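Asker: Below are the chains, spelled out letter by letter.
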Amino acid sequence: MISTLGKALILASVVAATAGAFGGIAAGRSGSASARRWTWRLAYLFAFLMLAANALMEYALIAKDFSISYAAQVGSRGVPGWVAAVSLWSSLDGSILFWGAILGLFIALVAWFNRDNPAPSLPYAIGTMMAVGVFFAFLIAGPADPFKPVFPAPPDGPGPNPLLQNHLLMVIHPPMLYAGYVGMVAPFGLAVGGLLAGSLGRDLLKPLRTWLLVTWGFLTVGIVLGGWWAYEVLGWGGYWAWDPVENASLLPWLTATAALHSLLLVERRGILKGWTLTLILATFLLTILGTFMTRSGVFNSVHSFSQSDIGPTFLTFLAMALLFSIGLLSARIGVMKADADLHGGSSRESAFLVNNLLLVTLTLTVLLGTVFPLVVEAVRGTRISVGEPYFNRMAVPLGVALTFLMGIGPALPWGTAGLRELGRAAISGIPGALVFAAVGLVNGSRNAWLLVALAAGGFAVQVTLQQALAPAFARWRAGGENPFKALASQLSQGSRRMGSYVIHLGVLIILVAVAASSTLRQSSEKTLRQGESGTVGPYQFTFLGTSAVDEVNRRVEMVRFALSKDGVVFAEANPKMNHYFAMREPVGTPEVYSLPSGDIYLSVMSVDQESGVVGLRAFWNPMVSWIWGGAGIAVLGAMLALWPSRRRSAALAAEAKSAAAPAIAAGEAAP
Amino acid sequence: MSDAINQVAAPLPRAQLPKKSGMFALGALLIAGGAIAFVGFGGLGKNLIYYWGPAQLLEAGAKARGATIRLGGLVADNSVKYEAGATELDFAVTDGEKTVPVHTKGVPPQMFREGIGVVVEGTVNEAGKFEGSRLMVSHGNEYRAPKRGEKLGEEQIKQIINDAKDEQK
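Protein chains in written order, with my numbering: chain S, 25 to 695; chain Z, 343 to 511.
Treat each hint with caution, since some may be false.
[What the hints assert, rightly or not] To give an idea of the interface, some chain S residues facing chain Z are shown, with a C-beta separation under 10 Å as derived from the structure: (1) Val410; (2) Leu443; (3) Glu445; (4) Glu505; (5) Gly639.
[Claimed, not checked] Derived, one-sided and incomplete: chain S residues facing chain Z with beta-carbon distance under 10 Å: (6) Val403; (7) Thr406; (8) Arg407; (9) Ser409; (10) Leu493; (11) Thr551; (12) Met601; (13) Glu609; (14) Ser630; (15) Val631.
These are calculated hints, taken from the structure and not from any lab test. In this text the structure is predicted, and so the values were computed from the model without any measurement. Beta carbons are placed, not taken as given, at the ideal position from N, Cα and C, and that holds for glycine.
Looking at chain S on its own, in the form it has when it is part of the complex (with noise of 0.2 Å):
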C-alpha cells in the first residue's frame, strides 16, 4: 500500500518535472502567460509531490513498516524516535528522497518569490530547474528507489549506522549540508536563463544573489557543522582532514564565494558577466561532482554508506550538465557584452579581481587533490591518495593572501585610486595587524606562517570593524546620538553592506581560528592506572575510573576523568566507549571540554577490564570553539544581507526629521 502510493507520488512528480521543464522552455520562447502560469503551477505540484512521498517515507520509518525497502534497510526496533525519524538521510535511497523534497522546496519559492517578476529570463530558469527536478525523480523511481516493496516484512532491521546514532549535530549537518548543494540548482537555473534569455539585467541579478547567498548560507553552515560533528564524534581530535568528501563540499563553497563577489561587479560596473555566470554555472557542477563522489561509493568513507548502482546515473548526469554548460556558454556568452571597462591597477574592482583569481586556484588546486586518486586507479588500477601536505601547501599561502584581501580590499576606493589612496588603505589596518601579531607571540607562538596570519587577520578584523561601523559612527557624530543607539538602527534597517562586514567578521574570525588551533595543537598518548595522570597543553587530567549505563540500543561505559591546572580540579571530563548490541565492535565518544582559549579534547581508545587500564588520546586544540562561534557570525552576516531594506524609507522620515539626514546617507553611500 505505502509501497504503490510512493511510487505514484515519484511518478507524478517525473511527469510535473518534465511538463514544467517544456513548459518553462516554451513560456521563455513565446513569452505566452499561459505557458507561464502553467510552469509556475507545475513548480508548486512538484514540490508537493516530493513533500508527501517524504512525508509517507517518514511515516513508513517512525511507524517501523519494514515491508518497505529503505525502512527495513536502515530502521530497527530498538532505536529511539528521533534517530528513526533522521534516518531519511542516513543512508543512501533515503538521502537522495530527502535530496528531492529540498530541491521542490527551492524550485517552489524561487518561483513563488518571482511569481511577478517580469524578466524574460524567469521562464528558462523555472525550466532549468524543472529540468533538474526531472532527474532526481528519475533516480528516485529508479536506481535509488526506496519504496521498493518487501516480501516478507523482516522482524527487524539493523538500525542505521553507528557513528549517525552518536550525536544530534547528526540531525541537522546533513539537512542543511543537502540545501546548501541542492539549492544551487536556483543559482543555476537563473544564470542559464539570464543566458537564454540573453540578457542579465537588474530584475534577475537580484533573485540571482538573493539564491546565491541563501545556498551559501546552508553551504557554509552544513560544512562547518560537518566538521564540528567529525570532531565531536569520530575521537581523532581534528575537525578537517582533506577528506574527499569534505572537499567536495568545500569546492563548491570556493566557486559560491567567487560568484558572490564578482556579481557585486558585475551589479555595479556591469563588468565580468560572463565571467561571474561561468563561475555559478561550474559551482552547480561542482554540486554534482560532490554529490557523485560522496554518494557513488568512489570513494569510502562514513558518507558513502554502501556501494551503490547510482554512480553511473551521475556520471552521465554530469556529463551531460558539462556539455550542456560548455556549449551554452561558448555560444551564448558573447551576448553578455560589459558596459564598462576594468579600471586601474589598484582599485576595489582589482580585489575582486584578485580575490576571484585566489579562489578560483584554489578550487583547482583542491580539485586536482582530490580527482587525482581516480584518475591514478582508473588507469593504472593502484590504490593511492594524496596527503594532507599537498593540500596544506597549497592553502596555506593562498588563505593568508585571501585574509589580507579582506583587509586591503575594503579599504580601497571604488574606481581609480591614486598613490596616496593606496598608501592609506595599505597602512590603514596596520595597528590591527600588530595587536593580533604581539597577541600571538605572548601566547607562544613562534611559527612563522601563524604570526603572518594572524597579522593579515588583524589587519582585516580592524578595517572590516572600521567600515561596518562607520555609518553608525557618522550618525553618532552628527546627530550626538547614543553610539548603541545608532548602532541599533543601523543594524534594524537591514543593510546589504552591513550584512557582508559581519559575513567577513565570522569568517575572519574563523581563518584566525584554524590558524591558531593547526599550527599550536598538542596531543600525547597514553595508558593510565586508576589514579594516573597524564598532561596535554597547560591542562593535566587523572583517571578516576570507569562507570557503565545500560541503554535501550548500547551499554555506554564512562571513562571518567578530573581536569585540573596546577593541581586545582575545575571539571569532571567523561569520554565514553558505546557497545551497540547490534556491532560487534565498540564506538568511542570522546570528550571536548570547551574553554575560550582551547579545548581539551579526551579520547578512550580501549578500557581493559581485567587490568583496569585505558589507553587515552588526549589534545589540546587552541581556538577551536571560535570556529563554530565564526561561523555563526557569518550566518547572522548573511541574514543581515538579505533582509529586506527599510533603508530608503528610513532615509525618507529621517529627511523629514531632522537635518542630520544628508550627514547619514553621506556616511553610508562612503564604501
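Since the structure of chain S is provided, determine the placement of chain Z on it from the hints.
Answerer: Below, chain Z alone, put in the same frame as chain S:
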C-alpha cells in the same frame, strides 16, 4: 537590497581603455593560474600515500623508503609485543604468505589483536623496518575475518584498507 545599486557612480564610459587590456588581463590571469597550478602539481607527487599489502611492500624493496604507505593486512599470530601501560608496540602485518614487521608508538585501539585486519600508515626507515605513525583497526560491517592460515587476495586487502578508513576519518 537595491541600495548598493542606487549609489553606484555613473557607469564609466566605455573604451576609456583599449579593449586589448581585457585580453591582456585574461592572459595574465591564465599565466598566474598556470604557474600556481604547476607548483601545486609539483607538490602532488611528493605527497602521495600508497595503499599496499605486505607482498607489494616487500617487492618494492628499497624503492619504498621514504614514501608514505598505508599497509593493509592481518596482525600475524604470536607477533604482538606490547606491555600493558606502555606506548611502544611491535607486531607484524601479514597476508598469510609475506610478513612485514612493524613498530609503532602509541596505544593500540580496543579491537587490536592477533588475526584482525589492520592498516598502518607509515614509512620504511633506513634499517628497512616499517615505522608506523597511525594504526587503524579494520571493522567494516561486511568484513569477514579470514580463517587462520588463509592467504589474503588483493581484493581482501583492499577491503581491509577501505573498512579502516572510517576510523581515521
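Asker: Each hint should be assessed against the structure and marked as holding or not.
Answerer: Right, here's what the structure says about each hint:
Taking 10 Å as the C-beta cut-off, the interface hint given for Val410(S) holds, the closest approach to chain Z being about 6 Å. Hint status for Leu443(S): violated, given a least beta-carbon distance of 19 Å to chain Z, over 10 Å. Among the interface hints, the one on Glu445(S) is violated; its C-beta lies about 15 Å from the nearest C-beta in chain Z, farther than the 10 Å criterion. Given hint, Glu505(S) at the interface with chain Z, is violated; its Cβ is 20 Å from that chain's nearest Cβ, farther than 10 Å.
Interface restraint check for Gly639(S): the shortest CB-CB distance to chain Z comes to about 3 Å, inside 10 Å, so the restraint holds. Hint status for Val403(S): violated, given a least beta-carbon distance of 14 Å to chain Z, over 10 Å. With a cut of 10 Å, the hint placing Thr406(S) at the interface with chain Z holds, because the nearest CB-to-CB distance is about 8 Å. Hint status for Arg407(S) relative to chain Z: holds, with the closest Cβ pair at about 4 Å, below 10 Å.
Annotation: Ser409(S) was flagged as interfacial toward chain Z, and the flag holds, the nearest CB pair being 5 Å apart, inside 10 Å. Because the smallest distance between the Cβ of Leu493(S) and any Cβ of chain Z comes to about 17 Å, over 10 Å, the interface hint for this residue is violated. Of the supplied interface hints, the one on Thr551(S) holds, with its beta-carbon coming within about 5 Å of a beta-carbon of chain Z, less than 10 Å. The interface hint given for Met601(S) holds, since its Cβ lies 7 Å from the closest Cβ of chain Z, which is under the 10 Å cut-off.
A cut of 10 Å between beta carbons decides the hint on Glu609(S): the least distance to chain Z is about 5 Å, and the hint holds. The restraint placing Ser630(S) at the interface with chain Z holds, with a minimum CB-CB distance near 4 Å, inside the 10 Å limit. Because the smallest distance between the Cβ of Val631(S) and any Cβ of chain Z comes to about 7 Å, under 10 Å, the interface hint for this residue holds.
In summary, the structure is inconsistent with hints 2, 3, 4, 6, 10 from the numbered list given earlier, while agreeing with the others.
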